[in-house]
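**Q** The lines below spell out each chain.
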Amino acid sequence: MREISARKITAAIREMAIKANTELGEDMLNGFKKAIEKEESPIGKDILGKLILNAQIAREEKVPICQDTGFAVIFVDLGQEVHITGGSLAEAIEEGVRRGYLDGYLRKSICHPFTRENTKDNTPCVIHVEIVPGDRLKLIFAPKGGGSENMSRVTMLTPAAGVEGVKEFVVQRVKESGPNPCPPTIVGVGIGGTFEKAALLAKKALLRELGSRNPDTKLQKLEEEWLHTINNLGIGPQGLGGSTTSLAVHIEMMPCHIASLPVAVNIQCHAARHKEIEL
Amino acid sequence: MSGVIKLFPPISDADVERLKIGDRVEITGVIYTGRDAAHKRLVDLLLVGKELPFDVRGQIIYYVGPSPASPGKAVGAAGPTTSYRMDPYAPAMIEAGLKGMIGKGLRNQEVKDAIVNYKAVYFAAIGGAGALMARAIKKAEVIAYPELGPEAVHRLEVESFPVTVVNDVHGNDLYVEGVKQYRRL
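So the sequence lines, in the order shown, correspond to chains A and B.
Offset between the first sequence (1-based) and the numbering used here: plus 7.
Offset between the second sequence (1-based) and the numbering used here: plus 185.
Honestly, the hints are just simulated from the structure, not real lab data.
Where hints are given, some of them may not hold.
Claimed, not checked - The calculated EDC-like cross-link candidates involving lysine to aspartate or glutamate, where the alpha carbons are at most 16 Å apart (straight line), are:
1) B:Lys258 - A:Glu68
2) B:Lys365 - A:Glu47
3) A:Lys182 - B:Glu362
4) B:Lys258 - A:Glu67
5) A:Lys145 - A:Glu68
6) B:Lys297 - B:Glu344
7) B:Lys365 - A:Glu67
8) A:Lys26 - A:Glu88
9) A:Lys127 - B:Glu332
10) B:Lys225 - A:Glu124
11) A:Lys115 - B:Glu362
As the list claims (entries may be wrong) - Partial chain B-side listing against chain A, Cβ under 7 Å, derived:
12) Ala314
13) Arg368
14) Leu370
Heads up, the beta-carbon is just placed ideally off N, CA and C, and yes, glycines get one too.
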């Protein structure tokens, strides 16, 4: 057994909360630069340039990229040879979120569903744990903004709908969302599994580096084809018209029940933030 | 796209009448913030004929919940939130004299009708560019509902705050017209 202290986990989460929200990844910046070259709309080009400038200001002044510093979503790969000492894993993570959002001047966006009373420290967070072989602990911090999350959907198609039915659902979702999820977006698609697993696959698809492809060549082709169709919708940066509605479509797929064809679309705004660390 | 139009709130019917979709506008002066929870409270006051915490006539409301200011700064990140959630409240606010709204994303037909009938305007700011937008905000103070945290009503002093006209008094919608131009399906 390898021991990792709860205190170390709290410190790592705190730091990732602040960094994820103020430092946009190089993959996104490269994505913006490539999009500027291809974008046909002058307003669209101007907006993409401002998104690069915004990321620079955020990094230099340690200000959040976006005021919506999100719901804290944490993915944990917990090695089965790891023993956590001095507290529980969930409490250690939650304390890290609390400290990161307070110390980093991040917005507290979590409230009671009915009374809308704010919890004032951005907790609780959402934690997805997977037990994996080995003695390492991997933490991914992915804050998720409300605007793009609100445009996301899960549906249960009939098997007869097939690949064309799935494409139609995905493209229609992006079309109806229009300017709301802050395009250019990344479209995370989860296919198969069960109702909740499809949603989780869609969210995991968003953690992939921008520009990465699904290792399955058939899914790679679908990612390219669906992106092409989405960018022909004309929505463009911020929905003001243009050829860059999405920067990528990321598909994750697994087998499903003989009666079902679950599909989830999780839309990610251009402030695609995540940080990871291995302890 | 023409040059930049300067606006200094409070603004008049004549000011909004000359604005057309796609116009780039820079706002200098005082604007107010308000989002979901604050709008519910404001419209509840209007429904019973009570006075609002600030005079909305001629004013511009920015749909934003800023992140907290770090020491020495007026405000944290401060980009727009998605506007459709304020659609149930916006027509009543416009009827009460509100002239401008700043946000991002689609408005429903009731809001668009109120914009035409009562002469108002809907502007878009760049969503997700919170660090950049904050540079145009020089001062921020909470003037109502401090218990709402990021959703409290703030009075902002802005300088050349950049926005684009999306819905104008002529009933046009930049989200519809802009997309038409680049659609290939």
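**Q** Does each hint fit the structure? Answer for all of them.
**A** Results of checking the hints against the structure:
| no. | hint | result |
| --- | --- | --- |
| 1 | B:Lys258 - A:Glu68 | 10 Å, holds |
| 2 | B:Lys365 - A:Glu47 | 13 Å, holds |
| 3 | A:Lys182 - B:Glu362 | 15 Å, holds |
| 4 | B:Lys258 - A:Glu67 | 14 Å, holds |
| 5 | A:Lys145 - A:Glu68 | 29 Å, violated |
| 6 | B:Lys297 - B:Glu344 | 27 Å, violated |
| 7 | B:Lys365 - A:Glu67 | 38 Å, violated |
| 8 | A:Lys26 - A:Glu88 | 29 Å, violated |
| 9 | A:Lys127 - B:Glu332 | 10 Å, holds |
| 10 | B:Lys225 - A:Glu124 | 14 Å, holds |
| 11 | A:Lys115 - B:Glu362 | 36 Å, violated |
| 12 | Ala314 | 4 Å, holds |
| 13 | Arg368 | 3 Å, holds |
| 14 | Leu370 | 5 Å, holds |
Checked against the numbered hints given earlier, this structure breaks hints 5, 6, 7, 8 and 11; the rest are met.
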